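Engineer: Let the hints inform the model, and build the full structure from the sequences given.
Going by our numbering, the sequence shown opens with residue 1, and the numbers climb by one from there.
Accuracy of the hints is not assured; some may be wrong.
[Stated by the list, open to error] Below, in silico cross-link-like pairs of lysine-lysine (DSS-like), each with a Cα-Cα straight-line distance of 27 Å or less:
#1 K52 to K151
#2 K57 to K151
#3 K152 to K57
#4 K152 to K52
[Unchecked claim] With beta-carbon atoms standing in for the labels, derived distance ranges:
#5 T89 to V129: 19 to 27 Å
#6 S130 to T87: 47 to 55 Å
#7 T96 to L32: 49 to 57 Å
#8 E147 to K57: 16 to 24 Å
#9 A37 to W104: 44 to 52 Å
#10 A31 to H157: 12 to 20 Å
Rather than coming from a laboratory, the hints here were simulated on the basis of the structure.
None of these values were measured; they are calculated from a predicted model.
Positions of the beta carbon are idealized from the N, C-alpha and C atoms, including for glycine.
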Amino acid sequence: MNNRTNRKTLADRRGLSGPVIAIIILVVGVALALVAAAMTGGFLFGWGSASKVTIEKADVLVNPGSPGGIGFITVDIRNSGGSSLQTCTIDIFDQTGATVAVTWTSTPTFPLNPGGTASYSADNVANLVSGQLYTVSIRCTDPAGREVVDKKTVLAHI
1 MNNRTNRKTL ADRRGLSGPV IAIIILVVGV ALALVAAAMT GGFLFGWGSA SKVTIEKADV
61 LVNPGSPGGI GFITVDIRNS GGSSLQTCTI DIFDQTGATV AVTWTSTPTF PLNPGGTASY
121 SADNVANLVS GQLYTVSIRC TDPAGREVVD KKTVLAHI
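Structural biologist: Right, dumping it as structure tokens:
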């Protein structure tokens, strides 16, 4: 009789049954999946719809035989965001921060859809100096009126 009492006591101390443990694991797993989905959705959907512009390439080429540093500038941009870009303006600054006077001879058509690329080019730009750093800055506006900016520094060369 003493053995039966011991067995009963051990059975009472076993803890949680298998189905109860399975339910707890299931609830915890679903909760973790919901948290992961909420975090991923917040990161991906917020990023996917945001506007962004990227200067893919900028080049300042100076003609060494020209008086006054006549040169050529090309700038390639990409809409790397998730919404279209309605307008863009490009400014070029020299090392002192002064704006370089540029008349763009080739400009893209807008709107520029996500993933789209565009090129700007300017011929006969005066007062460019080979070996000097220039900063290219682009400002674009999305349909909601938000402004996005990208900058790139480029070394003028011959």
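Engineer: A separate judgement is required for each hint: does it hold in the structure or not?
Structural biologist: Each hint tested on the structure:
A C-alpha spacing of about 12 Å is found between K52 and K151, which places the hinted pair at or below 27 Å, so the restraint holds. Taking the CA atoms of K57 and K151, the gap is about 11 Å. The hint holds against a cut of 27 Å. Restraint check for K152 and K57: the C-alpha separation of about 8 Å stays at or below 27 Å, so the hint holds. Between K152 and K52 the CA atoms are separated by roughly 14 Å; this keeps the pair inside 27 Å, and the hint holds.
Checked against the given bound of 19 to 27 Å, the beta carbons of T89 and V129, roughly 24 Å apart, stay inside it. Between S130 and T87 the beta carbon distance is about 32 Å. The supplied range of 47 to 55 Å is therefore violated. Judged by the Cβ atoms, the range 49 to 57 Å given for T96 and L32 holds: they are separated by roughly 56 Å. Between E147 and K57 the CB atoms are about 22 Å apart, so this pair conforms to the stated range of 16 to 24 Å.
In this structure the hint that A37 and W104 lie 44 to 52 Å apart at CB holds, the actual value being about 46 Å. Evaluation of the 12 to 20 Å hint for A31 and H157 yields a failure: the beta carbon distance comes to about 59 Å.
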